[in-house]
Structure formats: structure tokens, C-alpha cells
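Colleague: In case you want the letters, here they are:
Number of protein chains: 2
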Amino acid sequence: MLNLQQTIGDHFVKLTTRQWQAQSPGEANRIQVVREQEDVINHTVCQVISLLWTEAAADQRLHESLHSLNSREVWKKSPSPRQPDHHVLSNRGVDISDFYQSHFQDYDAYQQDKYHEEKNPLGFLNLGVSENKLCVDLITERLCQNDMNCIEEDLLPYSDWREHPLLREEVARFLTYYCRTPTHLDPENVIVLNGCCSIFSALLMVLRDPGETFLVPTPFYGGFTFVSHLYAKVELFPVHLESEITEENSEPFQLTVDKLEKALLEARQKEKKVRGLVLTNPQNPLGVVYSQESLMEYLEFAKRHNLHSIKFHSVLSIERLPDPDRTHVIWGTSKDFGISGFCFGALYTHNKEVASAVSIFGYLHGISGITQYKLRRLLQDREWIDTVYLPANHSRLRTAHKYVTKKLRALKIPFVNHGCGLYVWVNLQSYLKLCTFEEERALHRRFLDNKLMLSRGKSYMCKEPGWFRYALFPAGYTLNLETP
Amino acid sequence: MLNLQQTIGDHFVKLTTRQWQAQSPGEANRIQVVREQEDVINHTVCQVISLLWTEAAADQRLHESLHSLNSREVWKKSPSPRQPDHHVLSNRGVDISDFYQSHFQDYDAYQQDKYHEEKNPLGFLNLGVSENKLCVDLITERLCQNDMNCIEEDLLPYSDWREHPLLREEVARFLTYYCRTPTHLDPENVIVLNGCCSIFSALLMVLRDPGETFLVPTPFYGGFTFVSHLYAKVELFPVHLESEITEENSEPFQLTVDKLEKALLEARQKEKKVRGLVLTNPQNPLGVVYSQESLMEYLEFAKRHNLHSIKFHSVLSIERLPDPDRTHVIWGTSKDFGISGFCFGALYTHNKEVASAVSIFGYLHGISGITQYKLRRLLQDREWIDTVYLPANHSRLRTAHKYVTKKLRALKIPFVNHGCGLYVWVNLQSYLKLCTFEEERALHRRFLDNKLMLSRGKSYMCKEPGWFRYALFPAGYTLNLETP
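These protein sequence lines are chains A and B, in that order. To convert, note that position 99 of the first sequence is 99 in my numbering; the numbers rise steadily by one, no gaps. To convert, note that position 127 of the second sequence is 127 in my numbering; the numbers rise steadily by one, no gaps.
So that you can see chain A by itself, here it is in the shape it has in the complex (with noise of 0.2 angstroms):
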């Protein structure tokens, strides 16, 4: 395993240190670059199969104790997790920090022993972070440009927390032009705060009190447990869908309004108060992206039960939302533009009172003037967007998922297949003894002990066991795909 290891870790140092040699390359030499990463990301994935067969084909006994000898090797370089000291911390301290202990611990093992081509070529490879990586040259260069680096005035002392106008202004009218609305967006109605998450947990604690519940369909995004229940408690109450074609679902994991309606009659049933949807779109993990038909449904389904609707992204485009009241959307840059790092999300709604509420947390949820500044240029560059970054962001995209679902199927691994997207949700439920959630986890930590990074479906409260979400590159890694 070591030796498998080390040679990932090998390919990298070669690619990483040509990348830098090559900064301004030759087209034969980009050539050049682009096939040795084909080569990396291949290597990579015949690893992580091969490691599935070995698992698989080893005898239970063999198996049982090379986990837990590979476990011990593991986890004795990084600290031992640290239990709380309930003397020191408040009750809630503890709940806070055991809460985070169940849902991140691989996330902290990996950042204290994350792979690097020189300081640690046998730590984690991640392919559970799902971000854009493909464009990180293009960006980078924007972002180095003159115009960036100017420091104006008022970016200096405290900016209005409630207003930010001018990035305010650029948000709406990128979203104006890039998402085809009926009609101009209004700056008054975007608010601006450090992150989408923000954003949703400010959104829950003005929108609803403790112990109220919200609606998500399920598998979606484990960040929004933690972030309801760090500040908000508000309660997500899942709308499980399934993978199965059946009379009802015409596609896997389909969301109808019948399913909706279904949850809602099952939460009420629970005596839980329900008051809004949280939506994703396109959904994370599976990547779909819902039809206006669809959204339109969803929001009636809203509607006709006073609920609120949290999208994120977008139903800008609808001419008439059903009830623009209790309808807002959330957008960020980081899935975009992959620029995660830059802690940006904004709120766009309707209602002028939930805008102010929201706004009000910019106090503790500000963005840093310099980077509002830098977002302005960025967003208010169309040229640059229109011309360099969209077609080869869209183009590396289809590239990279083309390649990774190519080699899923030679492979035999079933996946949800939406041609597009930063992840694939795949199937290893032939690689579960049982299919049950003990499994799934016992095949996540054989992933983990072999410092692979996988994020599974429980922590999307998937129902069903073995599902797996696959980011098409490692977190960590500059990696460009070029079209043919």
C-alpha cells in the first residue's frame, strides 16, 4: 500500500515541479503537461479501484486485522482527538465541540496530515472536498493583474456591515446577466456576507425559532446540519429519496412534489412545526440541476403550505415566483469561480425585512474590504468571464467528468449521471459484505486508513447504504485539463 502510495505521491512531484517550470509554456509543451496529468488522475483512480478489489478479494480474518494494524499507523501520527473538559467548556461548548468531533474528525485527520510533494508525499489524498480546481491558472492570473492590487480608501477602516453598495450592485447585476432574469435585480435586495454558509444560518435564525423545522431532500450537503446547529437549531427533517426506477421515480433520486408532500405529512405527524424547503440547485451531491417546470412545482408545493424556500442558486430566471415573499436565494462564488477561499456568499430576496434582519449579521459574518474589492473586479470583468473563463471553465469541466465516468463505467461502478458537474455520486454497494450503514462506514475507513478522502452518503443523510461522493480531482492539487 505504501509503495502505492508513494508512487502517486512520485507522479506528483514530477507534475507539480513541471507545472512550475512551465509557467509561460509553448503549446507542444502545454501538450506535454496536459497528457502526464491525464496519466496522474488515471493512476489515481486505478488506485483507489484497486484498493476496493484487494479489500474486497482478502480473507475477513486478514482483512479485520491488517484495518486495524493500518488504523494504529494512522492515527498515532495525528493527535488523539481531544476530548472536551467539561470543567472548562459550558454545556453547550461540549455539545459544539463533540457535535464537530463526529462530523470532521477525517477532515482535521487529513489537515494534519495532508499529502505534499516534498514536506508529505504518504499523506491524504482528498477527493472528498468538492471544489473547481480546473480554471485555478486563469483565475490566478486575473487575480494577479495591476487592477486588483489597488487599495482604495474606504477599504481600509470599517466598511457598513449592512451594505457593502458597491459589491452589493456588482452581485446584482452579474446575477442580472448571468442568470436572465425578467427583470433588473434590485442591489437593495442583496446582501453580502462571508460565506453561503452564513448566509443560511443567519437566514434560519431570522426566519425561525429553535426547535422549528425545515424540509431537505435528501442525500444533500452535511454542512447545513452543522451550521443549523451550531447557532440556529433549527431542525432538518429529511425528504428521503431512492436510487431505484420505479412507477413513481422516473430517474434516481427524483424529487416530486409527491414526496413533499408525503414528508411534510410525516414531519406534522412527528408534531414537528414545519416552516420552510431548503433546496439545492444544481443539487449537491447528485449534481442535477432542476428543470423551471420542476422549481415551479417545488414552490407551489411552498406555497400552498406557507413554507419558506431557501435556494441555492438560482430561480432568478422564473417571471413569476409564486410567493416572492418567502422565496430567497443564495449564490457564491466558490462552486463558479472556485474561489472558496474567498469566504463570499449573498442573499438575494424579495422580502425587505428578512433582508435587513439578515443584513444585521454582517456584524459578526463580515468580508475583509480588500476582498470585496477584488470580487468587484472579478465580477464586473464580463469580458474576461465571457471570453477566457466560461468557455474553458465549461469546457475542462465536460473534459474531466467525461474522462472520470468513462473510466466508472469500464470499471463497472454504477453512478448518477447528470454529463456535467464537479463530483460524481457513485454506487459501491457491490463493494459492501452488507448493504448497511456499519458497512459503508467500515469501506470509508479502509478508504481513510489508505489516506483517501471519500465523502459517504450517510453524512448526506442518504437512506440508502453505499453511496459515495467522488470529486473529480483531489482538494489541494492545481490540475488542468485542456480540451483535445
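Simulated from the structure, these hints should not be mistaken for laboratory data. Since no wrong hints were added, every one of them can be taken at face value.
In silico DSS-like pairs for lysine-lysine, Cα to Cα no more than 30 angstroms straight-line:
id	chain 1	residue 1	chain 2	residue 2
1	B	LYS458	B	LYS273
2	B	LYS262	B	LYS272
3	A	LYS273	B	LYS233
4	A	LYS119	B	LYS352
5	A	LYS233	B	LYS352
6	B	LYS273	A	LYS233
7	A	LYS272	B	LYS233
Got chain A sorted already, so can you dock chain B onto it with the hints?
Modeller: This is chain B only, laid out in the frame that chain A set:
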């Protein structure tokens, strides 16, 4: 009144124009600019004083009718304060909105009607927010240098919200050096979030449960109340200090252990669960810098009663902390570098459990990678800090403070004198008809009606009516003062 405003406005127009023209001025030109800036400050102070006298001398009835007239004039320009819609917002949403409106309404009015030399020469002049604008020229120059615009590979994706290793290391080195700590500070004990208030909020969250209490000497920074109300719901119990010199009070607003003990007793009699003590050092708004002996006494007091101590600024130079596991130090760059807009705050605590629990809050209180990078560069440039920034900052602060306090003395306005600082704590009791908070509020309103923002004592929970914090320079202007 409008004429006076116009005059001030004109001065600033002239000044700002000249500043732009003189971006790299010769020495003679520079002296000329500085002289004119002194004129402007002179003028501003005189306006404030003359307003006071005009109003104080006016007939009560006339005053009141003028007052209501002015009020209408001011408020009709800005939208009427929003009344939260009880049907859309949750109970806590309404509560947060109400609390915000009652504490920050004036700030919002200012934001909607800010003075601007061209666009709004009759807007609000802000002496209510304390920001060190004296070295904005030097900071801007430094931040515009080429090394600041580097975009490293790891700045764009998700940073590890718990770690920020490079920035933490730099903060540890910086504080070790400038606080002259007895041993090197451990980067593992440093946590960074997007601002000191975020750190304060996270600390309250993990140290105490809702309804528990921290002691805070008054007057204290009003933001603490808002922060603890927003998320933590920890109560702040005032330790009231008095201005009068008496046997037990050798200087105005002196904090003694005796007063701490009395407040603790009083709180316990009221069945408060007192769990901690909050101290700012240098004290805001008093400007007091506590001596090491005093700090030790306060810390011993806290230890005696098993209280956590949250310290703003440093007790880091103390050789042996009485209760290191319960002593938590907050530091930021807002006051020292005048870059509040960077949204940066750091915690130093020996207590690993507390550090670990607070770091979790990075999930919702993160700093963007590019801001982290610039902060690191800034903090590590010791040569620039020692030879350029600090000497200029100290000398300009001294000059500014001397200038304003000289004017105050000439006008016989009492103030707490600490020789330096970003603000002066002035006693305007002689301008109140009665020494009540109603009168203080009326005086404050009169300032506002004339588009002048000052912070009044009540918002610092000061026990005695009539005190105001006067920031040395209007927020939103770039003024330079050179040593003569």
C-alpha cells in the same frame, strides 16, 4: 447651521483635492498640506463647541421646536426605520431587528447620509467611530507594494478554517516580539477569526451557557452587548466606575479589586451566575492602560472566584499568569494598524480545549485567503513596522491628542487625560440642563440633528450621564498630521 456645515464641507473639498494633487509632494508642499489639515481640525472642533454653546444658550421652547424641526429634516431624507414584520420573521428575528434598531439606528442614518465632499457635502460628520486614520497613507503605500498582490495556490480553495497555520505562526511571532512575552508564544494556542467581536462571541459561546454572567467594568464598548445578545445570550453585569476623585478613587473611573468584589457580591445577591470577567486594555472608551500590578490584581481576583478572564489586548508579557487555563487574550489589527476593514481578530489562550472549541467557529467566521496573506506580509515586515510605521504612528497620535486636548482645555471642557489614544472621553455635563440620561440623549440628538455623530456614555453603560467619546478624527476622512 447649514452655512457652518457648508464651510466644513468646503474645507474638506479643498483638502482632499490638494491631497490627491500632492500624492508625492515635496517637503514644502507637505508642510503646507499639514498646516491646512490643522486648520480643518481646528475648524471642526470649533464647530462642535459653538453648536454646544448656541444650543445651551437658546430658549427652551425655541430649542425644542428647532429640535423637532431638525429631526424631521434629518429623518425624512433617510427611509423610516423598518418595523419588523411579525408574520415573516421568527421571534428571535424580530428581537434581533429590534435590538439592532435601538442600538444602531443612528449609525444607519449616518450610513445612508454620509458626508462626501462632492456627493453629499451636508451629510453626517462622524466622530463616533474610533479609527486610527493617521497613518492611512503609510498603510496604503505598503499594501500597494508588489509583494502584496501575489496569489499563492492555496489562497483560492477552502482554507482549513480551524488552522490557518501560516497566519497563526505569524501572529504568534508578532505578539511574542511586540508584547515582549517571557517565552515564545505557541502558534497552536492562536486562533484567528474574522474580527475581535467574532472571537469574543465564540468565546462566550464555548465558555458559558445562556443566562450566565460576565462582569464588565463600565464604561465599556457597546458592541459587546450586541454581540452577546446576538448568539451567546450571556449576560454582561456592570462593575460601575465613577468619575469623582475620592479616598478609594485616586483617578477618575479607576478599577479596583474592591469594586470588583462588590459587583460580584451584588450580582450573586441578584442570583446571577457569575462566570467571568471582561477587561479591555487599553480601556475603550477611557483610554486607560492598566499597569502590570493592576492587571495581576484583577487576574488574582478572577482566579480566587474561578472566573474566566477575557482580556482585550495583552496580558501576554506577564511572567506567571495566576490562572492561565482561564485567561483568554483577544488581539486585532483595527486599533494598532487602523485596518478595521480587514476583519481580523486573534485569540491567544493556553487552554487547548478552549482554542479547539473556538476554532470550530471558523466555519462561519472565516477570513478570506487573500486577506490572510496580506496580513501575514504586513505582520512579518518588521523593518517597515519598526522604522516607518511605528515611529510615524506614535508621533502623529501624540500630536493629534495634544492638539485636541489643548482645545478642550481652552474651552474648559473636562476630559479623562491619558496622554494618548484614539479618542478622548469628555465630560459635557455642564451642557445638560439636568444631569440625567434623558438630557444626555437630548444633547446627543442635537448633535445628530446637526449631522454630527459622537458616542454617548449611555451606550457604554456609563453610570453618570453627560460623558461622550470623541474620536480624534472624523471617520471616513483621510487626514495626515506630521510632527511639527
